[in-house]
Amino acid sequence: MASVQVSEAEKVYIMHGVRDDLRVDGRGCEDYRHMVIETDVVSNTDGSAKVSLGHSDILVGVKAEIGKPRALVPDEGYLEFFVDCSANATPEFEGRGGEELGIDLSNTLYKVFNNKHSIDLRSLCICPGEHCWVLYVDVLLLQCDGNLFDAISIAIKAALFNTRIPKVHISEDAEGGKEIELSDDPYDCVRLNVENVPCIVTLCKVGQRHVVDATLQEKACSVASLLLAVTHKGMVTCVRKMGGGSLDPESISEMTETGKRVGKALHAPLMDLLKKEEGLGKNRQKVGFLR
Amino acid sequence: MPTDTKRLRGPEESQSPMLFLPPDAQILKASSRDGSRGHADVRPIFARCGLVSQAKGSAYLEAGNTKIICSVYGPRETERKDETDMKSGRLLCDFRLAPFSCLKRGAWIQGNEERDLSVALIESLQPGVCLHRYPRSQIEINVVVLENDGSILAHAVTCASIALADAGIEMYDVVLGCTLRQDGDTCLVDPTFAEESGNWLGGYGENQGRVTVALLPNFNQVSGLHADGEMREDTLTEAVRTCMDGCHKLYPVVQHALLRAVKRKAPPSVK
Amino acid sequence: MAAGFKTAEPLEYHRSFLKENCRPDGRELGEFRATTLNIGSINTADGSALVKIGNTTVICGIKAELAAPTVDAPESGYIVPNVDLPPLCSSRFRPGPPGEKAQAASQFVADVIESSDVIQKKDLCIEKGKLCWVLYCDIMCLDYDGNLLDACIIALLAALKNAQLPEVTINKETDLAEVDFQKKNRLKINRHPTASSFSVFDDSVIIVDPTAEEEGLSTALMTVVTDEEDRLCMLHKPGGSSLSGEKLQDCINRAVMRNREVSKLIDKVMESVKAKK
Chain A
804 MASVQVSEAE KVYIMHGVRD DLRVDGRGCE DYRHMVIETD VVSNTDGSAK
854 VSLGHSDILV GVKAEIGKPR ALVPDEGYLE FFVDCSANAT PEFEGRGGEE
904 LGIDLSNTLY KVFNNKHSID LRSLCICPGE HCWVLYVDVL LLQCDGNLFD
954 AISIAIKAAL FNTRIPKVHI SEDAEGGKEI ELSDDPYDCV RLNVENVPCI
1004 VTLCKVGQRH VVDATLQEKA CSVASLLLAV THKGMVTCVR KMGGGSLDPE
1054 SISEMTETGK RVGKALHAPL MDLLKKEEGL GKNRQKVGFL R
Chain B
839 MPTDTKRLRG PEESQSPMLF LPPDAQILKA SSRDGSRGHA DVRPIFARCG
889 LVSQAKGSAY LEAGNTKIIC SVYGPRETER KDETDMKSGR LLCDFRLAPF
939 SCLKRGAWIQ GNEERDLSVA LIESLQPGVC LHRYPRSQIE INVVVLENDG
989 SILAHAVTCA SIALADAGIE MYDVVLGCTL RQDGDTCLVD PTFAEESGNW
1039 LGGYGENQGR VTVALLPNFN QVSGLHADGE MREDTLTEAV RTCMDGCHKL
1089 YPVVQHALLR AVKRKAPPSV K
Chain C
661 MAAGFKTAEP LEYHRSFLKE NCRPDGRELG EFRATTLNIG SINTADGSAL
711 VKIGNTTVIC GIKAELAAPT VDAPESGYIV PNVDLPPLCS SRFRPGPPGE
761 KAQAASQFVA DVIESSDVIQ KKDLCIEKGK LCWVLYCDIM CLDYDGNLLD
811 ACIIALLAAL KNAQLPEVTI NKETDLAEVD FQKKNRLKIN RHPTASSFSV
861 FDDSVIIVDP TAEEEGLSTA LMTVVTDEED RLCMLHKPGG SSLSGEKLQD
911 CINRAVMRNR EVSKLIDKVM ESVKAKK
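Residue numbers (my numbering), protein chains in the order written: chain A, 804 to 1094; chain B, 839 to 1109; chain C, 661 to 937.
Fair warning: there could be bad hints in the mix.
[Stated by the list, open to error] Here are some, though not all, of the chain B residues that point toward chain A, as calculated from beta-carbon distances under 7 Å:
id : residue
1  : T843
2  : L846
3  : E850
4  : M856
5  : D954
6  : V957
7  : P965
8  : L1054
9  : N1056
10 : Q1059
11 : S1061
12 : A1065
13 : D1066
14 : L1074
[Said to hold, decoys possible] Output of the computed footprint for chain B on chain C, the stretches with three or more beta carbons under 8 Å from beta carbons of chain B:
id : stretch
15 : 698 to 712
16 : 716 to 728
17 : 740 to 754
18 : 765 to 772
19 : 796 to 807
20 : 829 to 843
To be clear, the hints were calculated from the coordinates, so they are not data collected in a lab. Just so it is clear, CB atoms sit at the ideal spot from N, CA and C, and this is done for glycine as well.
Using the sequences and the hints, build the whole thing.
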C-alpha cells in the first residue's frame, strides 16, 4: 500500500503529539479528516458515489446485472467487488503492484459487505434458483492519502444508497416457461435498504495510543492497525489485524471499544447527509472532479 | 472463468452428489459436543516436525480430522528487486486447500479463499519472526490443507510457526492459533467444520460469528486477529480472551514437538 | 570428507558406489526403497491413499461427482486424474500453474488409466446418456525425492480400491437423481497396474527406484507399467540414452516382480483397514 518515508525525528514528533491527543494536522485522536461525499456522479451506472477523505479520493460505481444464484443459496443475490488501483493514485500501483493490492482489497470488501447482515441479499433474488440480481461494485482509487478502507466503505455505502435497481416482472407463458420483463418506466425502481451496511473504522496504534483515520505519516509510525466494520447498531461484523506488528490484549479491547463508538457515530450523520443531498434533487451544486 | 489448459479437465459441468439429497436430509450435523469435549476445550493436537525431506523445515499437524502440512524454504535471495525496504526479509506464503480436502471438491486454481488465508497467515506470523536478521531475502512458507475439518487458519498458523522453528529461522516466539465459533450465547472453541458452518448458512441470529486469534504466548501479544459475523463488542472482547486461553493450551504440545525435533537433529553426545 | 566429495563431484560419487554394485543409501541396484501405504485417512474424500516410497510422499484423494456423459460415449463415465507438484514438496517447484513435470505426470497417469483399463468406464454409467459418475483423482506430492510416477500409480490404485460411492437412482416419475448416502458401493477394479521406474547411469548401469538426486544424474529414465497378469500396459521412456532389448526385458521382469510386491502390500493394508472397522 502507499507509504511514505518518515525520519526518526518526525516519528518522535508525531508520536509525542498523539500521546497528548494533538495530531500534526490539529485533530484529536478520534477525529476524521474533512470529508466530501457526492452521489450520482457517473451517469451510466445504477448507483455511484465519490468520497474524498483528506486527499484520498475514491469513486465507486454499482452496476446491477441479472445472473444465476449460487447453488448453495438459491434464494439470494450477491455482490461482486472489484478494486482498481489506478497508477494515478500513487506510482507504486504501476504494473503488478496495484493488481495484487486490488485483489486483497476486494477480498476484504467481499468479507465485510457480502453477508446477510449488511444487505438483505434475499431482496436481490428474482426467481429462486434461476435468476437474481448481481451487484457489481467497482471501486476506483483516484488518489491515496491513507485510510483507504474507511473511505472505500463510506463510498460503497453511499453508492448502494444511490443504487436504483429496475423493477422486473416475471410472466409465465402457457407452457410454464418464465420470462423476465423489465419495466419500461426508468423511474420504476427498487431501492436497497442500506441501513445495516457497515462502515469500516481503521485504528492505527501509534505509541501507546491509537488514532482514527491515520494519515500516511502516522501510518508509517505505527506497526499494527486494527480494521473494524461496525454497523449503525454498534455491532462488529468484521475485524482484521493489519500490519507487521502485534498488539497486546488490553489495547485490542480498547481499540474495539473506540472503533465501535466512532463507527456507530459515523452512521447517523452519513445517512442524514445522503438523504439531504437526495432531497436537493437536480438543483444541487455539483462539485465534480475539477474543483 | 479462465480455462485451465495445463491440467486434465473433466466434463464441462459436474455436480456434487450432495446437491441431489432430499432437502430435509442434513449432511452436517452440528453436534452439541456431548460428553467427549467441553465447549471451551480444544481438540487434542498431534504435531511433528521434519516430514518433508526436501525442505529446510517442515511440520505436520493434526487436530481432530483437520490435517495440515507445511514446509519452509529459505532464506534465499529475494526475487522482487523493486522492493523499497530491503533492510528486512519478507515472508511469502503459498496456501492451498487440496481439491479433496473439503466436502465439496475444490478447484486447482488458487481461489479467493486461499489468497485470503495466505495473507492472514503472513500477517499473523510476521510479528513472531526476526525478519531484520534476513535482509534482502525471502522465506517461503508452503501450506497444504489435506483435510478441512474446521479451524484451518488457526491450525495453519501453529503448523507454520513450528515449521519455521524447525527450519532454524530466528524467531521471537512461536505463534499459536485458535478459532472460536460464537453462536448466540454459546461459544465453541476450536470448532469442527460442521460446527463452523452449522446454522451459519441457515438463519443468522444475533451474536453469530467466528474469531481467529494468533498469539505469541511468551509475550502474551496478539499477532493476528480475524473476525467475521455480527457480534457485540463485549462478546468480541470476551471471544478474543477465550481464544487466547485456547492458544495457551496448545503450547506444551508445540514445545514437545520442537524439542523432539531438536533432539533428533543433534543427538546428545555420549560420554 | 565424503560430504565434500558428494557436493563437488556428485556423478563420480555415485559411480564409485555403483562400481561396487551398491548405492549411496545402501541399496542394491535392483532394490526399491521401503514402501508404506496408508489407506482411507482423508474423510472428506470418497477414497484416499497416502504412499511413501522412501522419502517420496504422494497422496491421492478421489472425489466423485455427477455429470452427463458425452454424446460420443453415452455409456461411459469420466476419470479425471491430475498430478500436482506444489512448492511444498520441493524447492524446485514454483507456485502457480503446473509446470512441465506435473503436466507430464498427469498425462502419464491418464494414459495408464486408459491403457490398463483399471476401471471400465462403462461401470461409471448410471443412466445411459443421462447421468454418470466423474471420478476426480487428485494426486498431490508432499515430498519429492524421485520416482514420482511409481508412487502416483500405487496411490491411485489404492485410493480407487478404497473408494465408496453412494447409491444413485433415477426417480422414474420426476426424472431426477436421488442419492442414498446410507448405501455405498465399492468400485469394480478391473485391473491392477503398477509402475516401476528405472534410471540408466552412464548409458549402461540400470538402477531401480531412483531418488531425486539419482534421477538428476542419470542419462535416461524409464517407467514400465504391468498388471497382475504380467501384461505390459505401458512403457514410458522419454528420450535419453538408448537401451538394448535384453536390458529392457530385464526391466520388464523386474517390473512384474514389483507388481507382486505392491499387490501384496495393498491387500495387506486393505485387510488391516477392514479389520479395524
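Discussion item. When the structure is checked against the list of hints, which entries are broken? Sort them ascending.
Written reply: Violated hints: 1, 2, 3, 4 and 9; rest satisfied.
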